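**Q** Place chain P on chain C using the hints.
So the sequences go chain by chain: C and P.
Going by full-length UniProt numbering, 199 is the number at position 199 of the first sequence; the sequence numbering is gapless.
Going by full-length UniProt numbering, 186 is the number at position 186 of the second sequence; the sequence numbering is gapless.
Don't read these hints as lab results, they were simulated from the structure.
Which copy is meant is left open, so a pair is good if it fits within one copy or across any two.
With a cut-off of at most 25 Å between alpha-carbon atoms, the simulated SDA-like pairs for lysine to any residue come out as follows:
1) 78 x 49
2) 78 x 59
3) 143 x 132
4) 143 x 233
5) 143 x 173
6) 143 x 171
7) 143 x 131
8) 143 x 183
9) 143 x 174
10) 78 x 385
11) 143 x 276
12) 143 x 179
13) 143 x 177
14) 143 x 172
Predicted, not measured: the structure shown is a model, and the values here were computed from it.
2 protein chains.
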Amino acid sequence: MSWVEGAAGSSYDTHNLPYGVFTHGDAPARIGVRIGEFVLDLDGAEAAGLILAGGALRAPSLNEFMALGHAQWSAVRKRIVELLTDPAHRAVVTPLLHPLAEVTLRMPFEVGDYVDFYSSEQHASNVGQIFRPGEPPLLPNWKHLPIGYHGRAGTVVASGTPIVRPCGQRSTPDGPVYGPSVRLDIEAEVGFVVGLPSALGDRVSVEDFSEYVFGVVLLNDWSARDLQAWEYRPLGPFLGKSFATSISPWVVPLDALAHAWVPAPVQDPPVLDYLRDEPHLGLDLRLAVDWNGSRVSEPPFAGMYWTPAQQLAHLTVNGASVRSGDLYASGTVSGVRRDQVGSFLELTWGGGEPVTLADGTVRTFLEDGDTVTITATAAGADGRTVSLGEVTGTVVPARR
Amino acid sequence: MSWVEGAAGSSYDTHNLPYGVFTHGDAPARIGVRIGEFVLDLDGAEAAGLILAGGALRAPSLNEFMALGHAQWSAVRKRIVELLTDPAHRAVVTPLLHPLAEVTLRMPFEVGDYVDFYSSEQHASNVGQIFRPGEPPLLPNWKHLPIGYHGRAGTVVASGTPIVRPCGQRSTPDGPVYGPSVRLDIEAEVGFVVGLPSALGDRVSVEDFSEYVFGVVLLNDWSARDLQAWEYRPLGPFLGKSFATSISPWVVPLDALAHAWVPAPVQDPPVLDYLRDEPHLGLDLRLAVDWNGSRVSEPPFAGMYWTPAQQLAHLTVNGASVRSGDLYASGTVSGVRRDQVGSFLELTWGGGEPVTLADGTVRTFLEDGDTVTITATAAGADGRTVSLGEVTGTVVPARR
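For reference, chain C alone in the conformation it holds in the complex:
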């Protein structure tokens, strides 16, 4: 337990220690780690010789540090725990602590490639039923490989960034029209951040997952359903997704989630060898979706059909290389109950079943001014809770 005021026993004690990038006053962006309601300036800590990471912590993004690999991640984490638990370090460390209220959180890393999977069976089934009623809800390939596609890396933004309602084409009975999206939606997801790079032509096996993946963020894959429905055949989503994808500012290292692994759903039919992970484990993250402050859903991540290790193995099985800062997301997290779905498309069943929020307002899709916040927690060691923080965003009107 940390000596930092208020940290001991909280969900941001030394069992968590998520990494981020912050600015304080006019100073350039720096790497920090969260402890309680403070951020520890890791740039300053490395400059002072309190932590040694070959200078990788003295950078405006996590990419260089994440590229060092698992042994270095563990060593730095161990050292941070020492600094924050042993009172002997209190005097030298205290000047490097900033109250969270005094800092601005930035994008924690530069995104290399961004891939979005589609790995919740319940979500894929729901979408199939909504868009292809009367047909089998899952396509024939869905249980054989983790379906995914590349999204736009340059529009991944930090939590809090305003979401400008996108314009584009949608189909009407009178032909396509142009204008602001009228079916703006969210997708509550979990993102995995690659640290260690791989070489072109090589594969990352399911066993090597923890050598390559540094940590986890929460992710909102904002989606314009009307744009998406008109454009997506035959090459997949494009403008319906590319206007913005929000991520939480704190990257929770996988080492903080070591106690959150649980058996993943049994896969039937059996998967091909390169996708077989034994043990077959998923992360038991409990998500929550708040719409203008109303809790509308609590999606359970433990139920995802495809695991993050399988997703990475699939992503690289063709020899595609990964870079430090690559981000791959789980796909919308949906459970079996209506109050466990990760999109408003499902919550309102295609917009046909509006929901009433706590303030009495009625919604199908997002209206201008609406705020959506996704949070999550996981079990930590000794009965503690690991918080994954939040990703939030407010919709602002389209620009004409």
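**A** Positioned in the frame of chain C, the structure of chain P alone reads:
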């Protein structure tokens, strides 16, 4: 005409001047410009005060220079022409010239996001006929918007990089199997390189195309048709494309192609306002595809249905920002005749009509050891020819 030996009257005289990044001996990568069979070291030229670009030419990639915008691109180009045409500069410039044979060409820029369009009507129709026989060859959206998707930026490689045959899943009557692709193909395309960045939430209009786009590369979108056919529903191509995309090492500035614009095909039905470009112009680039030295196709770029200005306007109409180094490709360039198609899928009509190469060998898709080279030329001022160089790659066996 340049005083550089052999340059005058060639397709790499001062009317062309493509930019690239090279290494010479053990020196770090530098920006250069091609003149005849030489590369002019622009890092050295800026260091010597011969060119002023605020230090942007003293970098290992073109990104910073491209971000300066059109006025700076023109000023630097004008100055390079002075240096290479006025014999008064010969003594100071000559030490900065390296024979091409002595340098190694690298990736000319760091790719931000990579988008691939699908803008040849003939290609889309051919693919529709091959994969959906008996149905309308074009989907309903195709003539209303330039269909596109995001590809993998991290696996865009420089011409000459060996192409490792990708492994992955393909569908068989007995279910999906894993192994090396058995239908490895090319797609001959033209890539547009964004220079000037835009802000999130803003749009780039069709009129602003030349303010944002710096230049053009040739591009081979290597495609594993068997992987692609099994995975692509409903989210589009993924592993079937993401293993490698090759580009030519020389970025030909748009200023060198000012004489190559020609009226683009009439668009019927009329497009929505944000896609209307007047005049509606395409680039008359003449591509050629050589398969193991046999000329198998000469795809005409002038026939593309959607223009690069329309593609950029569409890409950003939802407020998606662009960065310096973003790359968007035209999609496979195919003309109406069989000897004008840009993929072997079309050349052999789905693999059912093999072709015989000049050496007597017979091919449907790519075999290990095969080399494909795509070249192109365009008309320049005063009856001269602008060469776009080449993008080449050789297939090497899959790694087990």
